[in-house]
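Model the full assembly from the supplied sequences, consistent with the hints where possible.
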Amino acid sequence: MTSSPSSSWQQTATAKRNALAASIPSEWHIPSSLLPPTSQDTILDWPETSGWLTRSEAAVTRLSASDLVSRLASGSLRSEEVTIAFCKRAAAAHQLVNCLSETCFDRALATARDRDLYLDRTGRTVGPLHGLPVSLKDCFDVRGLDGCLGIVSRVGEAAEDDAAVAKILEAAGAVLFVKTNVSTAMMMPESTNNLIGRTLNPWNRRTTAGGSSGGEAALIALRGSPLGVGTDIGGSLRIPAACCAVFTLRPSSGRFPVRGTRSGLPGQEAVASVNGPIARTLADLDLYCRTVVGAEPWLRDPACVPLPWRAVPLPPRLRIAVLWHDGMVRPTPPVARALRITADCLRADGHSVVDWDADHRTGLALLSRMFVADGGGAIREAIRRSGEPWPAQLQAYESAVAELGTGAMWRLHTERIEFRNRYLDRWNAAGIDAILCPTKHTVMRLIIILVGYTGVFNVLDYSCLSFVTPLTVDKAIDRPDPSYEALGPACQQIHDDYDAALLHGLPISLQLVARRFEEEKVLAMGKLVLEAFAREGRGSVLPADCSQLTVPLDYTQPEPGPGLQLDLFRIPAATQPAQGSILLNFGGPGQPGRQTLALVGPVLQALSGGRFNLVAFDPRGAVNTLPFTCPDAIFRHRTFWQDPVYPVRDSPATDADLGRLWARGTALAETCGREHNETGRLIGTAFTARDVVRVAEAVDGDGLVRYWGFSYGTTLGATLLSMFPDKVDRVILDGVQNPHEYYNADVDFEEWTQSDDVFSAIFTSCAANPHRCRLARPHKSGPELEQSVWTLLESLRVRPRSFRNSSFVLDDGTLRGLLADALYSTANWPNVTSVLDMLISGPLDETFVLDRLGERASLPQGSNTTVIEEAEERFMNMTMPLFGIHCIDRRARTGSLDALLPALHRLLNTSRVMGGAGANSAVACAQWELEPAERYAGDFRVRPRAPVLIVGNSHDGHTPIRSAFNVSSGFEGSIVLEVDGYGHTSLALPSACLLRTVSSYWRDGKLPAPGTICRVDAPPFSAITWADILKNGTGLQRRHRGGAEPRPWRLL
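Start counting the sequence shown at 1; every next residue gets the next number (the working numbering).
All the given hints hold, so there is nothing to weed out.
In the EDC-like style, the derived pairs of lysine to aspartate or glutamate whose C-alpha atoms are separated by at most 20 Å in a straight line are:
1. K780 x D837
2. K475 x D567
3. K727 x D702
4. K475 x D499
5. K167 x E296
6. K1006 x E972
7. K780 x D757
8. K16 x E157
9. K1006 x D729
10. K475 x E675
11. K1006 x E978
12. K727 x E972
13. K727 x E697
14. K167 x D301
15. K475 x D496
16. K727 x E57
17. K475 x D497
18. K475 x D41
19. K16 x D106
20. K167 x D114
21. K727 x D939
22. K727 x D1004
23. K167 x D106
24. K475 x E678
Keep in mind the hints are simulated off the structure, nothing from the lab.
Structure representation (structure tokens):
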């Protein structure tokens, strides 16, 4: 029944809210004892971390819409199962953030059962969205449900029929199950009203979910729906999508049907309200567009343009204009930073980036005049009928008095046409493909003041994509600019209200704008931008995408507690659908995971058979995951310019050498203990193993871990297997480190047992390849060449070498660092032997030598302080995680040099080449002041869920083959695959045999026979690389096969 002024609006609103709560089955009501406290800001993962969802329900609701329709079509998932899971999660989402306005669970379950029966009976799907739950904004008519638009007087005005878009979706197989909350009359940029109340943001409940499609965006962010539909008249899709870190498309008017869609300003067509999809991935937006436009909506709605969905090839080099500000409000620091980084990514990818300075003040003024052209009459009458109070943000409608006459309205339309003409002319003259700009001026706040970055494009009727970048707010760097100059009072207010601490860790969205009816192009450009983000600075030649996942900061504390954001990097499987995901760690400890995966992705994709998604993240202690950097300026400067392997040379070492080494270890331990007192205890291997499990549960529906670890990554893998034997599926440990020594010994002895043998092989191979090795000499054997190098090292120790064009001084310590790097791969041997030849015999190419001696040596002469400090910082960021992670893991703490001396002497006797480097970490760890929150203390003896493949090289200067067999003895059923070559891990040894064997293991779980040894197809000094092997085998997987395209990948 329609409410009237004589009835209490509060009573009507209370009854409506009670009816909504009652429509949720009692078994889906969360007990008050289980609900998170109102003081808990972030509740994104609460439905699953709380145990409210079953494992199956959690797994289903983690899947994207594209993944779901694939599994529903195959029959591996049933629509009824999927619908129940999303209904339950949507009910939880409403109780957490107040995001629903209506439910139709009975209709949804009946529809889902019909979908399953149809598939069982015919073997076919109803349509491209077969069995997929889809949510709708409150304004879309759904038979039997109200569409109140947040207005109390509209309670009881149930729809008699479904909206055109609802009919199209159901005809395509979708299951409609809920409608979502909006702002009053859908004319405010956040979702609050007197009827349902305010929708909160699941990322931070102290910030806004945006509006007017805020209920829809919050529901999608909480995974309460895989795909939703909202509307946009001034930013009502894009603003909430940006607030809740989801993707949306604002199409041009006429592209999607609006018949049966209610409006807060019925009949207003000066600026068109359009509808579009909201989803967690760009691919899901594309799925919706193809489905709806493919249904020929112009046959259901005369307002639709008969324009089929098209394939739009992009030019190889786009021209993107960046709108740095709209002339009214400058974006806040994180948004401005995201714009700069995105522009840099596009430039790095070869695209043209230009500045854009547009007349947006005029466009926003036109929009405001259009909205109140009726003198506020429509909204005033709706509010008068119930007697509810005016929301503060509708003050412009409350105070409007003069309704425009016909002539004035015609003149307004003329101004709009002229504004559109000017904008199009400028666009065409600039020759741009798109505008990159903020979606809104800030990331999230309680109240949105202006819609200038969105509303102007409604006046222009342009196609707009709001997309989530891989970037997040960082309170340490996104600080207010002290030289800030406001563009006006609103700009000043936004600047004054900006709170970096409140927004810390929240995702940052941006907007990409194309011309009218260029929805296909803007989606394609959005995909390109995200791929540019993934590739920037990493050199990946494969499609790649990024995501984020929040894990517990401290696993020893009860959940939910403070979270830690992991930035994930994925190279999708070449063959889709993928068999699953392989998580990778590249060693170190502390080696950047994302950057390394991008660099070696083609090799790993081939080795995995192209059937698995490859996923990596920067482990704790590295890059931006609790980075362990010991940021003391004096310590950083001193460490950067000292010998990289410290001054311990041949055994026996002098007392002075060992004393100086110990003192440096003391300084390191004390500095890092002081600087990382709070976070240093949270970066140990046990916590990283738990992170791996959380990531695996998030990326794959089965929740099982498939893992591939290299070097230290094998210690992480061994820890993972031992802590979670039932959660780990297939595992490869490649280049195996001895985990017993890693955790328990004073020094890593076994690690260096083959170092000197590999070092000698450099010169033996050089002598055998005189035409390819510059150091080779007639009638000189490998041992004789090696001795000449030891003589060179001794001479540099006594008399370091200077350079004409550099202030750098070369001593034996720096050269030892170069020689240590040579042990990693025979690919390094030609350059290393060339440097040695120049230093021994000349002539000296200074640039060539200095470039290969590292950044200390290659800094340009006369570098200013900033350049030097940046180099020092890069060095510390690269080296300090190794100390932080290894030392926190190591149980042994000798506490004195005298107690450690026997171990140091043994180490120096173990390897003449690498003993000093091992001693470097040993002295620091012996004095480490931090203890981990958790350390694995088992014996690495378990029966894994699946047999483990252990790969070791016959001659590995960092992880000898004996370690592979030692570790294998503890994992029942494991097999060691030996690769007969020189180098560290299988990545250093191109081998067709290795390619066949490893890909077979990943594909079928097939282990090689015991005792299998793979031959290497790239002998030293041959210049053969993995690229050559892959060309003759599976080939580099540069394109996706099987019909599925790589897509932006978002875990919320």
